[in-house]
Amino acid sequence: MSGCVFCEIIRGERPAHRVLDAPDAVAFLDTRPLFKGHTLLVPRTHYETLVDLPETEIGPFFTHARMLAAAMETALGAAGSFVAANNRISQSVPHLHVHVVPRNPKDGLRGFFWPRHKYASEAEAAEYAERLSTALNQP
6 MSGCVFCEII
16 RGERPAHRVL
26 DAPDAVAFLD
36 TRPLFKGHTL
46 LVPRTHYETL
56 VDLPETEIGP
66 FFTHARMLAA
76 AMETALGAAG
86 SFVAANNRIS
96 QSVPHLHVHV
106 VPRNPKDGLR
116 GFFWPRHKYA
126 SEAEAAEYAE
136 RLSTALNQP
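Residue numbers (the numbering used here): 6 to 144.
Some clues are possibly wrong.
Said to hold, decoys possible - Each computed BS3-like pair below joins lysine-lysine, with the alpha-carbon atoms no more than 25 Å apart: (1) 123 x 111; (2) 41 x 123; (3) 41 x 111.
Since the hints were derived computationally from the structure, they do not count as laboratory data.
Please model the entire structure based on the sequences and the hints provided.
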């Protein structure tokens with residue numbers, strides 16, 4: 006879709022730290038992460054919300070989300086993860102995306118007042134993306 010930031014990332018027209026590059030979906034680091042490793046999973050086809058995603062694509066899409074949640078623990082040492090999607094309200098980009106965020110006890114995430122933690126550099130962001138990508142590609 007023209008003008009969609011996520012479609013531009015998918016097409017390679019906009020830079021992003023990719024974590025997953027599958028035939029049906031792409032995952033990349035959020036540029037304003039709640040915690041380092043915060044990843045956005047998007048379908049390659051432009052769908053605005055979860056409701057718009059065809060039923061036949063829901064299972065494969067959330068299989069990627071499940072794999073990302075596991076990678077948060079194996080690659081980043083997180084105790085768990087937060088997986089969420091907004092539909093229209095609070096959806097900053099109108100392209101379906103699922104947030105997969107590493108979580109740890111007492112990490113400061115409370116309710117919907119979420120602190121943001123920036124990467125120290127592009128190199129640090131690239132290193133987080135590589136760690137998660139490597140974990141996704143292990144048997």
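Each hint, compared with the structure:
For the hint linking residue 123 to residue 111, the alpha-carbon distance of about 19 Å falls within 25 Å, and the restraint holds. Only pairs whose Cα atoms come within 25 Å are accepted, and residue 41 paired with residue 123 is accepted, the gap being roughly 7 Å. Simply put, residue 41 and residue 111 have alpha-carbon atoms about 15 Å apart, close enough for the 25 Å limit, and the pair holds.
Checked against the numbered hints given earlier, the structure satisfies every one of them.
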